[in-house]
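Line by line, the protein sequences are chains A and B. No gaps in the numbering here: position 204 of the first sequence is 204 in full-length UniProt numbering, and each next residue is one more. No gaps in the numbering here: position 235 of the second sequence is 235 in full-length UniProt numbering, and each next residue is one more.
By construction, these hints were calculated from the structure, which means they are not laboratory data. The model shown is predicted, which means the values in this text are computed figures rather than measured ones. Mixed in with the good hints there might be a few duds.
Because identical chains cannot be distinguished in the list, a pair is counted as satisfied if it fits within a single copy or across any two copies.
As the list claims (entries may be wrong) - Using 20 Å as the maximum straight-line C-alpha spacing, the simulated SDA-like pairs for lysine to any residue come out as follows:
#  : residue 1 : residue 2
1  : Lys267    : Met174
2  : Lys267    : Pro231
3  : Lys165    : Asp153
4  : Lys165    : Glu43
5  : Lys267    : Leu246
6  : Lys267    : Leu239
7  : Lys267    : Asp255
8  : Lys165    : Ile48
9  : Lys165    : Arg242
10 : Lys267    : Gly75
11 : Lys267    : Thr200
12 : Lys106    : Gly75
13 : Lys106    : Gly151
14 : Lys106    : Asp266
15 : Lys267    : Glu243
16 : Lys267    : Gln250
17 : Lys165    : Arg301
18 : Lys267    : Pro73
19 : Lys267    : Ser257
20 : Lys165    : His141
21 : Lys267    : Ala76
22 : Lys267    : Thr232
23 : Lys106    : Ala262
24 : Lys267    : Arg242
There are 2 protein chains.
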Amino acid sequence: MLPFARVAIIGLGLIGSSIARAVRAEMPTVALSGYDADPETRETARAIGLCDDIADTPGAAVLDADLVILCVPVGAMGDAARAIADDLPADAVVSDVGSCKESVAKALAEALPDATIVPAHPVAGTERSGPEAGFATLFHHRWCILTPSEGTDPVAIERVSTFWKRLGATVETMEAAHHDRVLAITSHLPHLIAYTIVGTASDLEEVTASEVIKYSAGGFRDFTRIAASDPTMWRDVFLSNREAVLDMLQRFSEDLSALQRAIRWDKGDELFDLFTRTRAVRRSIVEQGQDDAAENFGRARD
Amino acid sequence: MLPFARVAIIGLGLIGSSIARAVRAEMPTVALSGYDADPETRETARAIGLCDDIADTPGAAVLDADLVILCVPVGAMGDAARAIADDLPADAVVSDVGSCKESVAKALAEALPDATIVPAHPVAGTERSGPEAGFATLFHHRWCILTPSEGTDPVAIERVSTFWKRLGATVETMEAAHHDRVLAITSHLPHLIAYTIVGTASDLEEVTASEVIKYSAGGFRDFTRIAASDPTMWRDVFLSNREAVLDMLQRFSEDLSALQRAIRWDKGDELFDLFTRTRAVRRSIVEQGQDDAAENFGRARD
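Next up, chain A with everything else stripped away, as it sits in the complex:
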């Protein structure tokens, strides 16, 4: 059974356009409408036939929808919700794809006090942005986390869950606050650290930018991929999930100081013990299909 028949996507970047393509591939009878605040993105979306209709206002996009998914940076969720408030059908379910859930749930509930809201976070993405970066299989074998607040209509939760399963995802439900702490360590802190080290390397005087790039295959290049992610999206994530990110950052800094001390005082055993322990984590990730089993992420061997 089709969970929704008329889906509106607000925000046509990497995630929004991937949802559109995945819906086309997996539920081809669904009527798809879309909107993006950027006129150029709307033009591109029309040119590549991303949806059945690309509207010129958010209201026009949602007029007829039974599911509205907000796919904008988390700092823009409140505004996006307010922009559809007057035209949202009473029986529509509203969802989103934001990487922080407490702040987004609050913003959506304030903007749409009478709507049925089921916040969601598909844990998937690439370093690319924009309507042409999306692809239909982005959510295959990835997790999608739902964080409905207490008292949400269970039928609506079930329909959103079915929707994501149809796109290839595995669905998990948890509290928004717990989600934000889990993602702070598995996604937000890794991005923050990657952005930092790429900045540190760029600012050195004695090592040239050209040297940093030439010798990046020694490890550095791995960090540049996530440090190439969308700046607006990530600025919003850090500001919206501030407390959890700062707490995880504090723990990371303490651990880094301990390693720094081990290096300074020649404590090789401490280093060796940690390095042996971390190896097992990689093994589990590969075993559970959350990363490529081939070495080097399956990068081409030549």
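Assemble the complex: chain A is given as a structure, and chain B must be docked to it using the hints.
For chain B alone, kept in the frame of chain A given last:
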């Protein structure tokens, strides 16, 4: 012209066994001998026919060589050099593949005071270890850095340079001290940070190991790859390149504190500016062929 006719490889892990395979592929007439301190590794090397001869002592492996390459962890270079000292032919060139060059050059010069030494560092690798992890194209399109000390026979330098070019690498020459600072930022610090964050994530009480693994596609999984690298090799690298690593770590920590402050005080512009700047670095790395142009490192789309 063949730069060397009889090559001995001491240490048959990822790098040593990749050199053996690459020599077989690119210079098939070269006579290859090998040795590894681990009897099991020698057995495996024999079983897969890695070299023409796998010797049971380091001395026997180098008896007839015109090039000896030490492919052991940097902390074991001195011992490996001492172990071949008595049997090393007078006209043989000695090289190595260590990730730190000042400490290794010193250890080799002390152990082999009369030998012609041309230290080298091929900037290439994967997270795998051992004789079966190597492959012939590992050095294609990668840089190999030579750090000969002043007064080294230019003909020997030229021959080692030709050897690496024949294996598919591009060769650069620089001072050992500069090498160690460049690699501290492009390779050593990235590994240290990756090991740290994987450790931090493993030690959380409120977020389970299972959650860390399930939601790792949000960014964390990228770090687990290099945190799965060989523990002995990396322990040695951090202790051997201590000063440069501690200095780069200090700069990184300062930059991380600045970002922490920007998040705490809601300075979105500072975050946005950095995140925009780091994007360009990725672009250069891809343009210069130092990483996959496909998104997500070219990970399979399904």
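>> Within, between, both or neither: how does the pair Lys165, Arg242 come out at a Cα-Cα threshold of 20 Å?
In response: For Lys165 and Arg242, neither the intra-copy (30 Å) nor the inter-copy (50 Å) Cα distance is at most 20 Å.
>> My question is about Lys267 and Leu239: at a cut-off of 20 Å on alpha-carbon distance, are they close within one copy, between copies, both, or neither?
In response: between (37 Å within a copy, 8 Å between copies)
> Checking Lys267 and Gln250: alpha-carbon separation at most 20 Å within a copy, between copies, both or neither?
Replying inline: Answer is between: at 19 Å across copies they meet the 20 Å cutoff, but 23 Å inside does not.
> Given a CA cutoff of 20 Å, do Lys267 and Glu243 count as a within-copy pair, a between-copy pair, both, or neither?
Replying inline: between (33 Å within a copy, 15 Å between copies)
> Given identical chains, is Lys165 near Glu43, meaning Cα to Cα at most 20 Å, within a copy, between copies, both, or neither?
Replying inline: neither (30 Å within a copy, 49 Å between copies)
>> My question is about Lys267 and Ser257: at a cut-off of 20 Å on alpha-carbon distance, are they close within one copy, between copies, both, or neither?
In response: within (13 Å within a copy, 26 Å between copies)
>> If the cut is 20 Å between Cα atoms, do Lys267 and Asp255 qualify within a copy, between copies, both or neither?
In response: Close inside one copy (15 Å), not across copies (26 Å); limit 20 Å.
> How would you label the pair Lys165, Asp153 (within, between, both, or neither) given a Cα cut-off of 20 Å?
Replying inline: This pair counts as within: shortest intra-copy Cα distance 19 Å, inter-copy 66 Å.
> Can you tell me if Lys165 and Ile48 fall within 20 Å by alpha carbon in one copy, between copies, both or neither?
Replying inline: Intra 26 Å, inter 45 Å, cutoff 20 Å: neither.
> Is it within, between, both, or neither for Lys106 and Asp266, if the alpha carbons may be no more than 20 Å apart?
Replying inline: For Lys106 and Asp266, the Cα distance is within 20 Å only across copies (18 Å; inside one copy 49 Å).
>> At most 20 Å between CA atoms: does that hold for Lys267 and Ala76 within a copy, between copies, both, or neither?
In response: Classified as between; 16 Å across copies, 48 Å inside a copy.
>> At most 20 Å between CA atoms: does that hold for Lys106 and Gly151 within a copy, between copies, both, or neither?
In response: within (15 Å within a copy, 70 Å between copies)
Consistency with the previously given hints fails for numbers 1, 4, 8, 9, 23, ordered from lowest to highest.
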